[in-house]
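J.: Take these sequences, add in the hints, and give me the full structure.
Residues per chain are reported as follows:
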Amino acid sequence: MPTPRNYFVRLGACAAALLVLLALSPGVGTEAAAFGWWDTWRAALNLAIEPAELLHRPGADLNGDGTISQGELAGFTAAAKSIFRRRLPRTLLALQVGVTLALCGAVFQVLFRNSLATPYTLGIASGGSLGALVAIRWGWTASVLGMSCVSAAAFAGGLAVVGAVFALARGSRRLTSNEMLLAGVTMGLFCSALMMLVTVISTEREVFEIVRWMMGSLDPALPLSGAAMLPLVLPAWVLLVFSARALNQYRLGDELAAARGVSVPQLQGVCVLLCTLATAGVTAHCGPIGFVGLVVPHMAALLFGSDCRMLLPASALLGGVFLILCDWGAQCIMGLAGWALERQLASATLPIGVVTALVGVPLFLLLLRTRRR
Amino acid sequence: MNPPLLALCDVCFGYPGARQVLGPVSVEIGAGQAWGLVGPNGAGKSTLLRLMAGLLRPARGAVRLDDQPLGALPRRTRAQRIAFLPQHLPYDLDLSVREVVLLGRFPHRSLGVFESAEDHQVAESAMERTDTLPFADRPLRTLSGGEAQRVHLAAALAQEPSLLLLDEPTASLDLGHQLAVLRLLRGRIAGDGLATVAVTHDVNLVAPFSTHVLLLHHGRVEAAGEPRQVLTPETVERVYGVAVLALSSGARPDRRWLVPAAEFGEPA
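Note that the protein sequences, when read in sequence, are chains A and B.
Here the first sequence stands for residues 1 to 373, where the numbers follow our numbering.
Here the second sequence stands for residues 1001 to 1268, where the numbers follow our numbering.
Hints were generated in silico from the structure; no laboratory data involved.
Honestly, I wouldn't trust all of these hints.
[Stated by the list, open to error] Simulated coverage check for chain A against chain B, where a stretch passes if three residues somewhere in it have a Cβ under 8 Å from a Cβ of chain B:
1. 199–208
2. 258–271
3. 298–310
Being a predicted model, the structure only gives us computed values, none of them experimental.
Even for Gly, the Cβ is constructed at its ideal location relative to N, Cα and C.
T.: As structure tokens, then:
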């Protein structure tokens, strides 16, 4: 049960971990560079770097004369700055995606009263993938409202499938009913069939592209793609965390919650709308990154208990931590693999979806073994 | 004279697409009264209870709480006055007993994330009154059905209502646990002016634990009033279609036990 003290201590610890990762993140990447995270921050914030500090850095003393000239210092600073500008936005993107998916996953698990629910339960991932595939197959490349055409199509596809699921299950009127889940699964299968159909008339190149898209990627397609998501994800973060107390009542059942003064249809409607917009936005930009939305809420519940007041913000913060760490893993593993295999690999980073599952499964099983009473 | 706590005046109700299932029903529930709501399956007991709780709106007629229309009250205000325990309660929650009971404080806090000292004090006393304090820190899902039922009862008491509505509070319990819940309701829980309305199927256990009984049949009030006058062998036979005999122990001639005549009467 959250008391003010354990609430702020635990969430503060999660937030601190997130901040540390953010601070360190410009120092982690695929390029084997001579820059520490501290150098990149100093370069980005235009703080002075002493030439003497750079003497023993590989690559800083370009002409090998044992001193760092002004020119060499300027070159080092410029390179550090460009690294910073490439890596920090990527980490911020990972943060947004992780927070959103984990928070929406936690909310969906409460909302559907089903511990297997994920942000994709209503079919956003399959609808988004179909949209992306269509955009790739027919070569739509224009950008729409700051989004690439593939992203816009994926966003529209995700929303369309959720709309179709609600239209199909409208007769039941209950979110927790089997009709709703069945409609979600059915629409997912339908989208998969359509995707196979489109795949048959696509080139190998296009098929490869869509398969890569579905593995998820944090390489921003457009420089501003992270910022474009904010209007979708920020309202969801704030409002969902604030509905925690009502969601606690909702867990007791529709009738008991209603008798305690919660408007159940309103709560369900607002939560589904917010989660759908945020998840569709994230998926449109980064592909359907799996596992975060399923496992992080369970981790948060095992660590801190399942009271929504704690569960929702903790899931959000841990989701950010988890995805940033996975992204580091994705970038470093390929470097190690290339070094071990002694050849250049086709891709510099592992698809993020592969890492979330590879890291998440063992971590989750470990938690399950050690914490379950 | 004070207005009754809850007054139903010619209340009718029908679910969408179905014929009218209830009404017209008129009844007045006063503070401190303990009502038993009995009747055959499908008589409309649960529907009537939900109309009293404000979870359903009457098609015709009026439900008034302290002489104010119930439907006009804000949801939270209504929840501060009326607590409702549905028949199917969640038993498999990860939350501890104390946390479940504290959830009952929801209508009393519009702002603020954390429980106040007063919330904790109210929850503590609710757990004490329902004998759930000994396992206050165990997870709800480790309790037996009877214990969990009392925990939900404690949560309803933590809501500090004037009226407590219960839908078959003893349905899935064995005799010992049934009596424990009923004795709590009649004994320690009543007494401070709390009125209760409990739906039940047991025409025998309702009498000793109720001040009033409402007998529903086909959505209408067959009889209402003192238990002894409502639950006579004649009304029970008319409503349930079962011939019954009234038995009484010598010690309490004012109490009687209704048993089926075919099994307990003269062999044919």
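J.: Decide, hint by hint, whether the structure agrees.
T.: Evaluation of the provided hints:
1. Coverage of the segment 199–208 of chain A by chain B is violated [criterion: at least 3 residues with CB-CB distance below 8 Å; count 0].
2. For a cut-off of 8 Å, the count of residues in the segment 258–271 of chain A with a CB near a CB of chain B stands at 6, and the three-residue condition holds.
3. Here's how the segment 298–310 of chain A fares: 5 of its residues keep a CB closer than 8 Å to some CB of chain B, so the rule of at least three is met and the hint holds.
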